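> So the protein sequences, as listed, match chains L and V.
Residue numbering for the first sequence follows the working numbering, beginning at 1 and increasing consecutively.
Residue numbering for the second sequence follows the working numbering, beginning at 1 and increasing consecutively.
Hint data in this document are derived by calculation from the structure and do not stem from the laboratory.
Being a predicted model, the structure only gives us computed values, none of them experimental.
Ideal Cβ positions, reconstructed from N, Cα and C, are used throughout, including at glycine.
Check before you lean on any hint, since a few could be wrong.
Claimed, not checked - Examples of chain V residues lying across from chain L (beta carbon under 7 Å, computed):
1) G17
2) V162
3) C165
4) N210
5) I211
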Amino acid sequence: MGSGLELSLDPNDEDIKLRWSKDDEPPSKPLRLKSKQLRIRSGDVREALSALNSYVRTNEKFEQENDPGWQRYAEILRALREKGEALRNALLIEDDPPSQELISVIEGLPRGAELRVICSDDEVSLPLGFVFEGEIDAPVGKPSRADFAGFWLDRFKITMLVEGGGAGPERHSVDPLSLKTLYALHRTEVENAFPYLGSDATKLKQLTLLPVKDYYNWNAAKRAYANISHAENIVFVFAHSNGDYLRFSDSSVDCNTFRLHLHKDRDASHPVLLILNCCLSVSGGEGGSLLSAAARKGFCGLVGTEAEILNTYALRCGTRLMWDLCFSGRSLGEALDAMQSAEDLFPLNLFYTCYAQRDFKLQRPVEPIDPIDRRQEQLQAA
Amino acid sequence: MDTLPIVAQWPKHPYRGLDFYRETDALLFRERAKDVEECAAILLGFGVKILILQGSSGSGKSSFLRAGLIPQLKQGGRRNFFLSGKDSVIRCTCDPLPEIACSLLDKFDSRHLVPDTAYRRDERDGDVLTDVAVCEELRQKLALALSGPREELAEILVEALVEICGDLPGKLILVLDQAEEVLTLTPGGRAGNEAAAAFFRFLEDVYLRNIDMRLVVALRTEYYGRFRDELRISDDRLSRRPRSGGVEPYLLRPLREKNALLGIIDAPTLARRENGPPSITSHSRED
């Protein structure tokens, strides 16, 4: 894997086993980390992210009159840095000799290096993008991406993978003619957000014209999904979530049922990518998580969020991602990087974590469908 | 015709008769590649702790474990570790915990747990996976507990496994065959038998404490329901862990298809065929 680093995280009673390997070497002897401590630190980071989300709700355009001297933003960022540093210290223990070897390897990694993390259980999903190594009190002005310079998300290309998932590399390149994209959307939230989507509204409309279009009820979406199990799929979900349940306007589904529906009668030779555009969709947790949905052969993984995220932002981030994947010919990794670099989506675009194979892409961009042609098709079908 | 890509030597005695296949017979083991692949993927999947392999009597569970699943789990760069001797399988009997404990003691006595595939690269991996003093303490506790109440043995086994699995640079895979014996040879089942109760408690604790190991439990289909009933992983008591229970069943169906059976009959002759087709093959096939 070139200049990258691979970490494996496995639960073991009250510990989390961390193994690492660099440049395709066999893995290290495990480091034993305190599971409870990591869970608390991860929860603290997610809380700090929620505070940032709330800040954006009250000051979306970063106007100084709403936050004189950017004091409120500085406080939230400082808290996030502190929590990120605490997570780092729970992960990499300075006075522990086996940890020191890993610390020096991480320090030696170049900026932009790939960090692959393999998780075998819900209990080991950590918001590693928000591990912080930098100056907590670094001065803050108008909110900008530069404020996140000390976080791992800025330093590494982080890919988290769930054990048991994945499709062979030959299946990461998908023929657009055989691709079926399914949108399972929360009707009320889409309608509420739509006026605020700007140019993304048109993009979303275009995207949902692609087969097999948009559904606003999980049962309907489930039936549509069952009909495309022998095709390459992207399943895009925009719903309320607490990391355990997905809630649509008039239906909901728990993570275990969601997983069963997605895996049922699935032909592993046709890859599936999940975009779970909901709050806390990769946060893991006790009693199950949405991550398990991607833990099946043939599933290229999922992209989801580490914390609560405003609906408008979630829809815009998801739309950009899908647009670049479908119409711009970008790979998932490139599309994600572009979305996370978009200034108008900052800072909530940083909440997304890639639990999927970054080289997933279409062999060529999809031809956009003219809405008028689509209506004619529907009339003819009727 | 399917084959398993296992690097192994051709067995000295390729005609197994009614005996089950062993790990050394992996090259003979045919027509189960899909089952083997699926089973391995389920076992090593996200959040899975226990795989219950069920099949009717004579469906080939014992051969499947030894000549199919285990070689698959050992191949490539995988870091899966096994207890027990030559075939990495522990027969349950009506009192499985001492069987497991003795397998573990054997490993302690050899002072290391290393996978069969060569994984040692440098000192970082190390072949002594647990501190020697810790190993000795666990060994003594286990040896002592063998003669005590089974409930206590279960607790000490769990403690030992937590310690060992914490140091393994991979997963420990415990393979238990003929698990129906826990039920058939103890008339009272869990309620009426200390050994059975302690065994099920052990399985529950492995799950509940989320030890970094995987259990494969093979048993006859007709005992699957009762076994699952005894294994109370869906209890509210265990709600801290995922509701899916970390238990996955796999039904091994008997091979009935003619070409598959012919493939199996042909397999032992393959090595000889390079030097000319043996006449016995056609006779066997006709039979």
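> Name the hints, by number, that the structure is in violation of.
1
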